[in-house]
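> With chain S held as given, fit chain W onto it using these hints.
There are 2 protein chains.
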Amino acid sequence: MKKIINDPKHVVDESVAGFGLAHADLVRVETDPIHVVRADAPVAGKVGLVSGGGSGHEPLHAGFVGPGMLDAAVPGAVFTSPTPDPILAATKAVDGGKGVLHIVKNYTGDVLNFETAADLAAADGIEVRAVVTNDDVAVKDSLYTAGRRGVGGTVLVEKIAGASADRGDSLEQVAEIAERVNANVRSMGMALTPCIVPHAGEPSFTLAEDEVEIGIGIHGEPGRERIKLEPADAIVDRLIAPIIEDLPYASGDRVLLFVNGMGGTPQIELYIAYRRAAEVLAEKGISIERSLVGNYITSLEMQGFSITILKLDDEMIGLWDAPVHTAALRWGR
Amino acid sequence: MKKIINDPKHVVDESVAGFGLAHADLVRVETDPIHVVRADAPVAGKVGLVSGGGSGHEPLHAGFVGPGMLDAAVPGAVFTSPTPDPILAATKAVDGGKGVLHIVKNYTGDVLNFETAADLAAADGIEVRAVVTNDDVAVKDSLYTAGRRGVGGTVLVEKIAGASADRGDSLEQVAEIAERVNANVRSMGMALTPCIVPHAGEPSFTLAEDEVEIGIGIHGEPGRERIKLEPADAIVDRLIAPIIEDLPYASGDRVLLFVNGMGGTPQIELYIAYRRAAEVLAEKGISIERSLVGNYITSLEMQGFSITILKLDDEMIGLWDAPVHTAALRWGR
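The listed protein sequences correspond, in order, to chains S and W. Each residue of the first sequence is one higher than the last, beginning at 1 in the UniProt record's numbering. Each residue of the second sequence is one higher than the last, beginning at 1 in the UniProt record's numbering.
Do not take every clue at face value.
Any copy, or any two copies together, can satisfy a pair, since identical chains are not distinguished.
Unchecked claim - Straight-line distance between alpha carbons at most 30 Å, and here's what the computed BS3-like set of lysine-lysine pairs gives:
no., residue 1, residue 2
1, K311, K98
2, K228, K9
3, K140, K98
4, K140, K228
5, K228, K2
Derived from the structure by calculation, the hints contain no laboratory data.
If we strip away everything but chain S, and leave its shape as in the complex, we get (with noise of 0.2 Å):
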């Protein structure tokens, strides 16, 4: 295993660490328990919105803490749900009065450890709505999940409910906006490599040299099917086709395209991915209106990439064009 870390037992701790001192003007990092949330904490009359999930998914969640999108993120160990405990205080942390949303990807780990906190948050009267993301069309259940897995579709909820917060909306209002983004959004990933989690220190699965896998989850979890190596464009045409047709997406619908990195595939590649989807949404009558491209919820150094395409509304637009000001998105600020 090579990987630019110290002890593995620490590589969350340190990282976080790292990520609090290149971004002190943002966040505060907390570390007993660990949680990270905006340096203004609690914004009063807003609704606090907190995620989280293991660690090894970076830029996700860490990463959209500040104005316009989250208030706090708990990592956990990597690939691992946070414990209660942590959640709990970051939702205290973040509470300014007005309830807290959790955005919960569909781990059932992450679910039970989030209900488990507004649980305990509610008995301290704090009012607490959770939102679960299960957008990956890949597979229905899967090794850490009942049902499907929240991906990609979490960093679009977590921008626009973001955004929908720092207007001033309440709980219940933050909360539907982040369900309909749910609803709205589909994605399928695929990989050309394994990843190696730190503390493990081997691959958990492989992939011959000319193999890929088809619809891989975001720890490595099997996917659909493992094939030979294809063109990007084919590739492309295997994930693109089957999140098309589940919502489905029509002719005339106005579309948010986002190609996002696994963490090891350059941006070259990324460009060369969105080419293609951008060309099948065109045959279709699709209209791209808004897109992202890059590495923003991850799996360590695993090469590979996936699509996510959300319906979008005019409120949708306007919240997702609201200024945000975090480590990995900024615009507008």
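Just chain W now, kept in the frame of chain S:
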């Protein structure tokens, strides 16, 4: 070779086309000869900034085209300088009547081809100045360079000179600030793995499973030494000591600390490196005023990172903070 590409001969064309589709609000992609210009080029009464070089270092340079930074980027084939023809076309396309600055990384091919293009532009009546970046302290001469190589400092030159041009400075003033940034910036990088140039299909060098290369160039050119893999903190110490000694940076200096990923290294590792770099600077009484962490000048899917330090003055800080709107760097708009 496992990559998300179609025909290896079309990697750059297709990627740049995808980039143009994803960022049509910011850029125009011209294909004959290939170059990327600001959507609103030329901007009348503003010095035009043109950079370029071999592809494979994305988001450098096309990702930095937009208001507040570059007016045009000229991508060559992967790891190969663009010819004078597209450099001349880009120079003409961005000439707003106030002259054009070429920002050139110090590689023999780039320097020669930008010089030829500048001569041709001058013959057409366009005033051109060039700044050649050479911030890499690792080696004196190398495979493609006489003198030091231009690496991470180039990104900072492009941002700060871009802001200088954006506020209406003359060509002489923009060139002066670009030279000043270059004179105050130093870098060094390392790699865990090689990368594969698509049309070659094979890694250009190999590293044993327990070996890393210290001082590597952004095309995988040899650095200072190959050593056994060490903990992150020890590697950071090996990179940062020669940087600090070189200028030298001293107690009381205010700096921008830039930890750059080589393309295949996950963010979780970059922040571990940032943490140690910040610790070393603090121990020396050097104050980090600004920071940048992420993949900004890469080597395809190479795993590794580089450290860049820029000694700041008040004017540079103001220009760094000035609004910028490009695909890869954006704030304030």
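> If a hint holds in the structure, say so; if it does not, say that too.
Outcome of the hint check:
For the homomeric pair K311 and K98, the shortest alpha-carbon distance inside one copy (29 Å) is at most 30 Å, but the shortest distance between copies (44 Å) is not. In the homo-oligomer, the alpha carbons of K228 and K9 lie at most 30 Å apart only across protomers (21 Å), although the nearest pairing inside one protomer, at 36 Å, exceeds that limit. In this homomeric assembly, K140 and K98 never come within 30 Å of each other (Cα to Cα): the closest approach is 35 Å inside a single copy and 60 Å across copies. Taking the shortest alpha-carbon separations for K140 and K228, only the intra-copy value of 23 Å comes in at or below 30 Å, while the best inter-copy value is 44 Å.
For a Cα distance limit of 30 Å, the shortest separation of K228 from K2 qualifies both inside one copy, at 27 Å, and across copies, at 10 Å.
Going down the numbered hints, you'll see the structure goes against just number 3.
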